[in-house]
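If you read the protein sequences in the order shown, they are chains A and B.
Residue 301 in this note's numbering is what sits at position 301 of the first sequence, and the numbering runs on without skipping anything.
Every position in the second sequence, counted from 1, becomes a number in this note's numbering once 635 is added.
I should point out that these hints are in silico values taken from the structure, not numbers from a laboratory.
Hints may be right or wrong, so weigh each one.
What the hints assert, rightly or not - Label pairs and their in silico Cβ distance ranges: (1) A:Lys132 - B:Ala695: 47 to 53 Å; (2) B:Gln850 - A:Asp194: 42 to 48 Å; (3) A:Arg488 - B:Leu888: 47 to 53 Å.
Just so you know, even glycine gets a beta-carbon here, dropped at the ideal spot from N, CA and C.
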Amino acid sequence: MKQRLWRPKQRGTDLRGPDPRARVFTRRALLMMATQVGALGLLAGRLYHVQVDDASRYAARAKDNSVSARMLAPPRGRITDRFGLVLAGNRLTWRALLIAEQARDITATLDAFSALVPLEPRERARIEHELKRHRPFIPVLVRDFLDWDEMARIEVNAPDLPGIIVDVGTTRIYPLGQDLAHVVGYVAPPNDADVEADPTLSLPGIRVGRAGIEKSREDDLRGKAGDVELEVNALGRVIREISREDGQPGDEVGLTIDTGLQQATLARLGNESASVVVLDCRNGEVMAMASNPSFDPSVFDAGVPQSQWKAWSHDQRGPLINKATNGLYAPGSTFKMAVAIAALDTRAITTTERFNCPGYFDLGNARFHCWRKGGHGSLDLHGGLKNSCDVYFYQVALKAGIDAIAAAGHRLGMGTELAIDLPDQRVGLLPTRAWRRSKGHPWNLGDTVVAGIGQGFIQVSPLQLATYVARLASGRAVQPHLTRTLNREAVSGSRAEDWPALGLPESALAAVRGGMFAVVNERGGTAPEARLPDGRWQLAGKTGSAQVVRVSRYAREHGFDSAKLPWRLRPNALFVAFAPYDAPRYALSVVIEHGNAGATAAAPVARDIMLDTLRRDPAGKAGTPTAMAAARVPA
Amino acid sequence: MRAGRLWQAPGVDVAAKLWRVSWTFVLLLCALAAVGYAALYSVAGGSPYPYAEPDALRFAAGLAMMLVVAMVDPRWLVRLAWPLYGVSLALLVAVLRFGHVGKGAQRWIELGGLQLQPSELMKIALVLALAAWFRRASWERIGNPLFLVVPVLAIIAPVILILKEPNLGTAVITAAVGGAVMFAAGVRWWKFALVLAPIPLVAKLAYSHLHDYQQARIDTFLHPESDPLGAGYNILQSKIALGSGGMWGQGYLHGTQAHLDFLPEKQTDFIFSIIGEETGFVGAVAVMALLCVIVLAGMVIALRCKNQFGRLLALGISVNFFLYVFVNIAMVMGAIPVGGVPLPLISHGGSAMLTVMFGFGLLMAAYVHRDAAFEDEAEEG
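Let the hints inform the model, and build the full structure from the sequences given.
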């Protein structure tokens, strides 16, 4: 009965038995099986797409996931003096870190730590704040710059300090402290701008040179960062080290400085606010560069305390300024050789041409005085220099003209940028007509007259003065420089032949040198104080006393005495010299701020330092580096 | 009286019944469990603990349970069907009220030290209940819409409860299993069309009523790269794991994604990604083939049953297993939204393993008693 009802609907495909449900079941079960196989097949197809077609893409993603590249800070190169004495080096320091997940009780650990190394409440708050911010396996800095004692105390008590680990880092040290602070400079942690320019600077422990050689030789000193590939898990925890490429330590920079001479120079300066530069006048190597007073360069690494900044900024003597390169002074009478060279080179005068000095010089309505009230009478170049006669040089300057004076001065290294390897220097000024015009003024002949005695607009640095004398003495266009070796390989510029001739007539140079000899060694010279007591060598030099305020006519006529002025208003005392006279080896400049008179204040200092230099003869001792680079003149 | 006859002299029959067990099928299950052991061994970083060893023991227990269940006469199982369904439904209600919350969902309860996911049990109980319901129905009876009211309600009730847990994946699988059994029982085509046609519309409507995390799953499924560290992380990391496996894999025990903890839930839901990463496309497809063979073997068992109850039971269990496999694998390769669906017998986890083995026990019972006649079933012509 029931069969009849469903049989007409049958299409004759009797798959299994006479029960329609069984046949429908079989049909539909087979359909489902086909669907299941098809569905799994589709999944397999998609799996092929993900696993094989896109394999490279996902493999890269997997590597990105699990490999973390970290950079290793390279050890910074050392700085040594010319004899290999370390001026800037690296010392191990320790810092305490806290790993929260290893501490059973963070508060207890920190309490125990403060009992050993006191922590200020502010430090404590910072630590707790950072612990909250970071995941528990990330070390948080507890205290940096631990000294040996503190480190030892922590290590001994390690069992009471669960979670505390002591990490070794390096800090920059300057064994000579302030003796070479201006030359060597200092380092500090990079600031945000540095890191933006070079992301590798964000490595912990990296320091950046901020001044001196540390800054100018930054590229050599820094070295190359190494990198280490670490396998990390999803939480950032390090699982293992995959590869490590050690960085390249920074180059060792060997300076031209003789530390002994530098220290002797500073000792000689005592408390004076002063600057001394000693050059090897044949190749421009800086044997000593003193700027007094100085500062301790090691305080910058850890951060300078507020009180220290205050003390520095209130000190009139400017301890942070390198006076040798960045102090500008009117050269005064030390400039007279340049005036003479300008006039001789342009054939405006001859060495024997005589000028009269009645004690004053009139130009139109203006009267210019000689330092000697009664005047010097008739003088040639030799006498003019020996007596440092102002009136002689007023007239020579007018004959040569201001532009010729500036040109000669530039050629001798003044008012121009020097190739010194320090990060900054002040160029100073030798005025010209064009310069004055650019300021919107016509040139006055009176300005030329005062330029003849190194006053007026003229501004030079002690380094420029030393370079000027070295060039006069050697006849070569030497450039002062501080770097002698890089990784013990000599850099070019160490030999006299590395430097071109000045291109000035030798006769003119010889006449000027003779005048400088007379200043010190002849009867009636202005600086007998500078004569070397030791008969072996003879020193040639020139005094300078540069007013820093204008002296009124009234004061001059009523017994003016600059020594009675307040310190800041007294004239600067200068002395430039080279020695030995017959075979020039060393050149120096001494500037004693507000020292009053070059002959009395600066000349004895110059004499003592030059004598010390000659006795030490650092250039002779160190010899010329053997592996000399090909002769190349630094720009 | 009749019960006594159904449960005929078990002592005598056990040996004969064991002879009728499909040992091929048991062997296939053992092979799958071995794959699971190897994968969990690797996930634990080359150690049988904490995953592989406990799972192996559970599998052994499950296998024993399966064989015991296989001995049970289906005519007795028929009587057990609705009570089991009732218990499962009660447990589903209980889990909503007293269940443990994990990952924003209430899914399991403790039962005598055993974690039980009532939704897992429900799927088997539903298959049993539907098979019991349809076994006697004649072709005409099935055609009567009124006859379908009870089974439809029997499907809808647990689906709604599972959705409330909320566990979208299992709810869909439950509905699909119920539908498959009804379809196999002979419910007319057009009725399915009538139910399935409005689904897109309903889905759109339902989307707005879904939990935020379910919405997020669907959103990140559509654009997984848009939120690589957020909700899309799982899918993305899983795809990275699969993709880094390539054709031949990174080598057993050498998957970086898994061992470095990039892949979450790698020992449970995402175990297939690890297999894909370490053994490559070749290994993954081999595992899929094994799973497919098990599904088909189950379907063949259903086809070989001579009674409607056994057929529907075996088919329901097989379809359930297939849906597990399909949803899990589709999920790990980012083909469908993620839902808490493990890969049966491979993923770590006790309750799923035991319920799956219980299901296979029922399947095997249907096979052992494939030639049994139900005198009260609609006549076989």
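(request) Enumerate the violated hints, using their earlier numbering and listing them in ascending order. (result) none
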